[in-house]
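*Asks:* Numbering (the numbering used here), first residue to last: 1 to 242.
Check each hint, because a few of them may be wrong.
Simulated pairs of lysine-lysine, BS3-like, Cα-Cα distance not exceeding 27 Å [unchecked claim]:
no.: 1; residue 1: 189; residue 2: 230
no.: 2; residue 1: 216; residue 2: 230
no.: 3; residue 1: 216; residue 2: 189
no.: 4; residue 1: 181; residue 2: 216
no.: 5; residue 1: 230; residue 2: 181
Distance ranges between label pairs, derived from CB positions [unchecked claim]:
no.: 6; residue 1: 216; residue 2: 33; range: 27 to 35 Å
no.: 7; residue 1: 211; residue 2: 57; range: 28 to 36 Å
no.: 8; residue 1: 96; residue 2: 45; range: 38 to 46 Å
no.: 9; residue 1: 211; residue 2: 116; range: 25 to 33 Å
no.: 10; residue 1: 111; residue 2: 177; range: 15 to 23 Å
no.: 11; residue 1: 164; residue 2: 40; range: 48 to 56 Å
no.: 12; residue 1: 150; residue 2: 211; range: 49 to 57 Å
no.: 13; residue 1: 211; residue 2: 32; range: 38 to 46 Å
no.: 14; residue 1: 115; residue 2: 216; range: 35 to 43 Å
no.: 15; residue 1: 118; residue 2: 165; range: 16 to 24 Å
no.: 16; residue 1: 166; residue 2: 59; range: 46 to 54 Å
no.: 17; residue 1: 118; residue 2: 221; range: 35 to 43 Å
no.: 18; residue 1: 150; residue 2: 118; range: 48 to 56 Å
Don't read these hints as lab results, they were simulated from the structure.
The structure displayed is predicted, hence computed values, not measured ones.
Built from N, CA and C at the ideal position, the CB exists for glycine as well.
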Amino acid sequence: MERTRAELIHASRLSAMGALTSTIAHELTQPLAAVANFARGLRRLLASHSPALSPVVGYTLDDIDAGVMRAADIVRHMRSLVEKSPIRRQVHSLADIVDDAVAIGLIDAASRGIECRVDIAEEADAVLVDEIQIQQVIVNLLRNAVDAMDGSAHPQIVIRSRLQGDWAEVQVSDKGGGLSKESLANLFKPFDSTKQGGMGVGLSICRTIIEAHGGKIWGENRSPSGACFKFTLPRASIPSYS
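All chains, please: the whole structure from these sequences, using the hints.
*Replies:* Laid out in structure tokens, this is it:
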């Protein structure tokens, strides 16, 4: 059962990355094209032997470095999500997990005009989880939020956490059209999707992952508009050395 569940979760992760392929390719093209342009400009500058060349070369090299690092970060995050690895529940920083998930889940946020706010409570930061699986949950919720806000005048996603006893509660909310009564009744039902061409397994896999961690996940509408998905994760006990 554990082996089958792990295979299913990994297959879902590959499917999610497949759906993002064109978006990721587009976002990779931008920093790589910038690097190529900067390199060509630098070559022309070096050929001119201008006295003011030194600072311009420095700035250009900084821009090249930034572009390469941006592309490398995208590839690194992709690789970590699609890589098949054994389940390891260890103490991780929830803030770091969210940052890595946002890097992929909201890779096209700027081009879509989406604002993202992250507020992770310090007392709810240390969690005992499989890092990649929780990233998968957050990426899935983020992509759903992006789709829900398509055409929205002021698209915004807020990710926050708070301490709930021995649990860290994570909230992912959007300013989309909200959830219909039918959607609310079948949110985590497998093979039930409101998306055109959707397989309807994303939220079902999210529930599988969260429940395997001992937590729970649910969705609700926000007031005055939008939806909010919440899930709980086991908080890690950090020894005090004071």
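*Asks:* With reference to the structure, classify each hint as holding or not holding.
*Replies:* Hints versus structure:
{"no.": "1", "hint": "189 x 230", "result": "17 Å, holds"}
{"no.": "2", "hint": "216 x 230", "result": "8 Å, holds"}
{"no.": "3", "hint": "216 x 189", "result": "15 Å, holds"}
{"no.": "4", "hint": "181 x 216", "result": "20 Å, holds"}
{"no.": "5", "hint": "230 x 181", "result": "18 Å, holds"}
{"no.": "6", "hint": "216 x 33: 27 to 35 Å", "result": "45 Å, violated"}
{"no.": "7", "hint": "211 x 57: 28 to 36 Å", "result": "56 Å, violated"}
{"no.": "8", "hint": "96 x 45: 38 to 46 Å", "result": "39 Å, holds"}
{"no.": "9", "hint": "211 x 116: 25 to 33 Å", "result": "27 Å, holds"}
{"no.": "10", "hint": "111 x 177: 15 to 23 Å", "result": "21 Å, holds"}
{"no.": "11", "hint": "164 x 40: 48 to 56 Å", "result": "54 Å, holds"}
{"no.": "12", "hint": "150 x 211: 49 to 57 Å", "result": "30 Å, violated"}
{"no.": "13", "hint": "211 x 32: 38 to 46 Å", "result": "40 Å, holds"}
{"no.": "14", "hint": "115 x 216: 35 to 43 Å", "result": "28 Å, violated"}
{"no.": "15", "hint": "118 x 165: 16 to 24 Å", "result": "23 Å, holds"}
{"no.": "16", "hint": "166 x 59: 46 to 54 Å", "result": "51 Å, holds"}
{"no.": "17", "hint": "118 x 221: 35 to 43 Å", "result": "22 Å, violated"}
{"no.": "18", "hint": "150 x 118: 48 to 56 Å", "result": "22 Å, violated"}
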